[in-house]
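**Student:** Below, each chain spelled out in residue letters.
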Amino acid sequence: MKHGNKTTLHGAALGAAVVISVVACFPIVLLALRSLARGWYWPDLIPQTFSLRAWKYVFDSSSGIPEAMLTSVAVALAVTVLSLCVSFPAARTLALEEFRGKQLIILLLTFPVLAPPLASAMGLHALFLRLGITDSVWGVILVHVIPAAPYCTFMLMSSFANFDTDWEAQARSLGASPGAVFLYVTLPAVAPGMAVAAGFAFLVSWSQYLVTLLIGGGRVLTLPLLLVTMQQGGDTATAAAIAIVYLAPAMVVLTLVARFLKPVS
Amino acid sequence: MVSEVNSRGHRRIWHLAPLMFTVGLLFVGGMTLAVLQSIGLLPIVGPTHCSFAPYTSFASDAEFRSSLVFTFGLASVATALSAVLGLWLALSLKAAVRHSRILGLILQIPLALPHLVMALFVMELLAPSGLLARFAYGLGMIHDPAAFPELTNDRFGIAIIVSYVLKEAPFIALMVLAVIMRIGEDYDAVARVLGASPWQRLWHITLPQLWPALASSSLVVFAFISGAYETPLLLGRQYPAMLPVVAQRKFMDVDLASRPGAIAAGIVIAVITAIFLTGYMRLARALSAKERALIF
Amino acid sequence: MNRHQYRVAVLFILSIATVLTPACNRKVQPPLTPAQFSAMGWQSFERTAQRSTVNFAMWAGDESRNRYFHTVVAEELKQRFGIMLQIVPLGDTGEAVNKLLIEKSGGKIAGGSIDMLWINGENFRTAKQGNLLWGPFAAGLPSIRYFSGQSRHRDFGTEIEDMEAPWMRAQFVIAYDSARVPDPPRSLSALLEWVRHHPGRFTYPAPPDFTGSVFIRHFLIECGGGAAALATKFDPQLYERASACAFERLNQMRPYLWRRGETYPASPSDLNRLFSNGEIDFSMDYGPSFASQHIARGDFPASVRTYVFDEGTIGNHSYLAIPFNASNVAGAMVVINYLMSPEQELDQMQALGDIPPLVPERLSAEQSALANGVKLGPATLPMEELQSHLLPEPDAEYTQRFQQDWLRKVLQQR
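Residue numbers (our numbering), protein chains in the order written: chain A, 1 to 265; chain B, 1 to 296; chain C, 1 to 414.
Hints are computed from structural coordinates only; laboratory data are not their basis.
Idealized CB from N, CA, C, for every residue including glycine.
Among the hints, erroneous ones may be present.
[What the hints assert, rightly or not] Using 20 Å as the maximum straight-line C-alpha spacing, the simulated DMTMM-like pairs for lysine to aspartate or glutamate come out as follows:
#1 K409(C) / E248(C)
#2 K375(C) / D354(C)
#3 K233(C) / E222(C)
#4 K128(C) / D255(B)
#5 K409(C) / D253(B)
#6 K375(C) / E385(C)
#7 K128(C) / D92(C)
#8 K128(C) / D162(C)
#9 K409(C) / E262(C)
#10 K409(C) / D61(B)
#11 K128(C) / D253(B)
#12 K128(C) / E397(C)
#13 K94(B) / D188(B)
#14 K233(C) / E159(C)
#15 K128(C) / D395(C)
#16 K104(C) / D253(B)
#17 K409(C) / E63(B)
#18 K409(C) / D209(C)
#19 K128(C) / E161(C)
#20 K78(C) / E343(C)
#21 K233(C) / D395(C)
#22 K375(C) / D347(C)
#23 K104(C) / D255(B)
#24 K409(C) / E222(C)
#25 K375(C) / E343(C)
#26 K56(A) / D62(C)
#27 K233(C) / D255(B)
[Said to hold, decoys possible] Some chain B residues flagged as far from chain A (calculated, every beta-carbon gap over 10 Å):
#28 A62
#29 L68
#30 D154
#31 I158
#32 D188
#33 G195
#34 L207
#35 L210
#36 G279
#37 L283
[As the list claims (entries may be wrong)] Computed beta-carbon distance windows for the label pairs:
#38 F234(C) / S51(B): 22 to 32 Å
#39 S62(A) / M252(B): 23 to 33 Å
#40 E248(C) / H49(B): 32 to 42 Å
The whole structure should be built from the sequences, with the hints applied where relevant.
**Tutor:** Put into structure tokens, the structure is as follows:
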């Protein structure tokens, strides 16, 4: 490992690191306490009584929570794969070629990202109803791809922006098949960007609530839906436990993606 | 030559078609239906009638006007704070993040937390009977929740801003850090060797390099805050309420006549956000053009 | 644009137009009509429903309720009738009504994903007006004989006409901590006085929240000359007089409320948080056993009790209904009938504190013994006290207008 020329952290940087660590970890600590607390009133700084009720419920299959976790993960993975497939060729074209209407297309891609969820969810529900794909897992997957794909496209576009097509041309002139060119030249070059794009697609799908509620129609149960239901019902301990369980896969994905965010030496 | 151009055009269409289908077709189709519903052409119940009443009534609705001002005012403040804080985090931690992968991960925790959960956290922290207040009680500073300052459900949306900044500053910091990692320190090192002061380096070298990432992530944040309802629903007031909260209330209203109004409110939010963003982008482009002139 | 791009653009626009038109009906049979069903007879319902799945949309914000239905009720249904019960969780009944509305306007007239739902009040009115329900069916259920005519007549003033079947009873109660407030105010006027002497210690959820709405409705009733006057058909002049008086009293109370009445808790769970943390001294709910359940869960201290006003509090019923596009009508009816049966109602009462609107005289000896053996929670009032202090709901139109006007007249001060 290369030792940097400035391994000592300045005071300000150290302070920032400490502050951000405390601020970021504190919600998780609080959630954990809340999930184990049985009654936590003013003025106690820590709960006086603890209980495992919420956690027992979370792992009990009759609560629907383990199943919702599986559904959420499955949907998010499907969304990731689909978004990558759909974005990859488009990102390449948009990054490397100039043509009429390119700016318009890029502008169009920003709409799902920037539109307020309430308006777009209503319209999408009406549309999906007409297409007959509501109340189904595939409908939910498709509706998640709609906001996820633009994120993927933009991430991949910035990867492709640094991509030199000459490498591909060279490989082809040396006799490689288009498939081999793709696998051994194109893919490795944009792999870091793809990983980031995949991570984003997963997280976008993971965090969807309103569209899952509307399009899934209560038949496709993901963790955010159960989290909100519990919270609205006033069961804060169970809601906190669900929130912690909900965080875990997201953190795993972020960890995996972080491997690809290596600094330029 | 012409056939080559045409075949390239064909291939381009195939490359773009899947994405344009999912995003373009479905999303645009959905929004079209939403607009049609808001003007009464696709009613949930009752006869079809074309009426722009939901939109025109906004002009005379005092609640709408005060919500509008409150929404975009709060969104601007929250975005500005997140951008400044995010930039500071990115610059302060750029060295530390290189050495410690754990720190990079910690910075990403707020990204994994849903907005609702962050809002609940802020409520637990800042409510008059919340953790900070209990801390103050333990120190003997106050004796009753009523003595603690009103930071939640208040007139200025303080708790709302805190909740958004806690989530969005790390987001912006990570976007900026990604650029920093990619472009490296070379320009900065050269400038230092040439005798530029830290402030000059920041203003003339670093900021212009980071500007595109900073601006685009800030725009995403602004658009998001303008359209989200969960956080202000929990941490804000009913009046004046942020526009998304008003839209959500109309949406959940049992009286079906409110439905077009709900969608109209959502669309108005989207349009106004778009206007802000366009204006902002034009201004930013003009400013950065001026900046380029100063460096070279 | 060249010819190729032109073609692409046309294709794009055509595609958008295509997806905007309603899909042609796929091969799903619409449910049989009520007349056809009543010709079939009850035994054939039970046979038809064997080995089928019933999707029940119900509020799922309570862990013990969820667990009870997922385990106890589902097991019984499987054993007795071979029915698989699937719960469709709702954060709010309005979600299900919304969904049905959109499905109806989108042309999904059959194969719906919900077979039965737990509903009442304004949601029922919306559903009935929008023709979102299947029926009438309630008169054909064997269990209906245990329920009173009153529970089958009107729901918030809307005529039921057997489009929904009675299931549970609710009544507005106020909770207080007997350790902090040993002598709570026993009438609405006494409450106003108490609030004036204890500024910042009382509030209610902001209408149109269900619970906040019923609280302010008590003012309307008192100003309108009693519940009976408002339970009949809507009278605009009566409303004008009563609401003016009610808003005046609510505004008199406003400066002494929590946060000076400038903001209100958004939901009952927010109200309960304020209550259990001691920011306010009262909570309220439509469910008479809510406080006992919160005590059991550890949210409220054990000294919390509930009470009703001397002049009575508003009560109503909640019902079970079948959506217009239900896939499994027979199964839904069998489940609904089972849930309404006295043994099941009483078991639910013991497990969850839900109050069944059963007519005591119509119960058999064993059923009455069961009813008397139910142990209520420490903070739940006995049935007799609730029953003797019961006020009927006003017509839905009064409720709707009043909670709308509250937004302007009290919240926004216009």
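**Student:** Against the structure, test the hints numbered earlier, and report the numbers of the ones violated in rising order.
**Tutor:** No hint contradicted; all consistent.
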